[in-house]
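Undergrad: Kindly generate the complete structure, drawing on both the sequences and the hints.
Chains W and Z supply the protein sequences, listed in that same order. Numbers given in the numbering used here equal positions in the first sequence, counted from 1, plus 3. Numbers given in the numbering used here equal positions in the second sequence, counted from 1, plus 1.
Source of the hints: derived by calculation from the structure; they are not laboratory data. Take the hints with a grain of salt, since some may be wrong.
Below, computed lysine-lysine pairings styled on BS3-like, alpha-carbon distance capped at 25 Å [stated by the list, open to error]:
(1) K5/W to K37/Z
(2) K111/W to K41/Z
(3) K41/Z to K101/W
(4) K48/W to K37/Z
(5) K53/Z to K20/Z
(6) K5/W to K42/Z
(7) K41/Z to K45/W
(8) K5/W to K82/W
(9) K37/Z to K53/Z
(10) K48/W to K82/W
(11) K101/W to K23/Z
(12) K45/W to K23/Z
(13) K45/W to K37/Z
(14) K101/W to K45/W
(15) K48/W to K42/Z
(16) K20/Z to K45/W
(17) K37/Z to K101/W
(18) K48/W to K41/Z
(19) K5/W to K41/Z
(20) K101/W to K19/Z
(21) K42/Z to K45/W
(22) K42/Z to K111/W
(23) K42/Z to K23/Z
From chain W, some residues computed to sit far from chain Z (all C-beta separations above 10 Å) [as the list claims (entries may be wrong)]:
(24) V16
(25) A20
(26) V22
(27) R69
(28) Q72
(29) S75
(30) K82
(31) A114
All C-beta atoms in this analysis are idealised placements derived from N, C-alpha and C, irrespective of residue type, glycine included.
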Amino acid sequence: RKEVEQDPGPFNVPEGATVAFNCTYSNSASQSFFWYRQDCRKEPKLLMSVYSSGNEDGRFTAQLNRASQYISLLIRDSKLSDSATYLCVVNMGSGTYKYIFGTGTRLKVLA
Amino acid sequence: ETGVTQTPRHLVMGMTNKKSLKCEQHLGHNAMYWYKQSAKKPLELMFVYNFKEQTENNSVPSRFSPECPNSSHLFLHLHTLQPEDSALYLCASSHGTSDSYNEQFFGPGTRLTVL
Chain W
4 RKEVEQDPGP
14 FNVPEGATVA
24 FNCTYSNSAS
34 QSFFWYRQDC
44 RKEPKLLMSV
54 YSSGNEDGRF
64 TAQLNRASQY
74 ISLLIRDSKL
84 SDSATYLCVV
94 NMGSGTYKYI
104 FGTGTRLKVL
114 A
Chain Z
2 ETGVTQTPRH
12 LVMGMTNKKS
22 LKCEQHLGHN
32 AMYWYKQSAK
42 KPLELMFVYN
52 FKEQTENNSV
62 PSRFSPECPN
72 SSHLFLHLHT
82 LQPEDSALYL
92 CASSHGTSDS
102 YNEQFFGPGT
112 RLTVL
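TA: Structural data, given as structure tokens:
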């Protein structure tokens, strides 16, 4: 089983739609979780950290389910500019700097 | 954005060449990272430095040699590379604390082609 697994997509959705991505991780000792966004041929940019209680930033909501070892990202009211690859990132434990990246989920928002 | 800069942005080299990639961060961070991103593969962690000390070496071949002279600068020295080493090499930095939520900030990357 991969350490961090994502559905590669692509997810093709119309503008205004709500879309959700999941990411599963294998190491139950993982401590911190992040969603990054990567545009074509650009560097990853932090979208949001994922906290145990769940967190929201505008149209974006991230949730963590430790029991089932997955994190999710919900995007409401999709915009054309949301088209990108969304990377799930897991830190393997407190005090370690080892981050494991998923392959990413590609999102295309269509006009 | 100039938080993390990388030079050169593009590099083409032969298998017998020696070259170096440079990364500089202006965020006051203490941890710096090298990642490799190949087509259709996830980012692979190569090296981590925290307060100039190497804390991770992810079984990287010795033809890649990192150097971290201070907390703001990170180099990746390359020699006798193989064509399969062609990839995007990304540098990142984060706060060097024991807190779990150390968000990483990435540079624009160096796109390397080995002929």
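Undergrad: Any of the earlier hints contradicted here, and which numbers?
TA: 8 and 20
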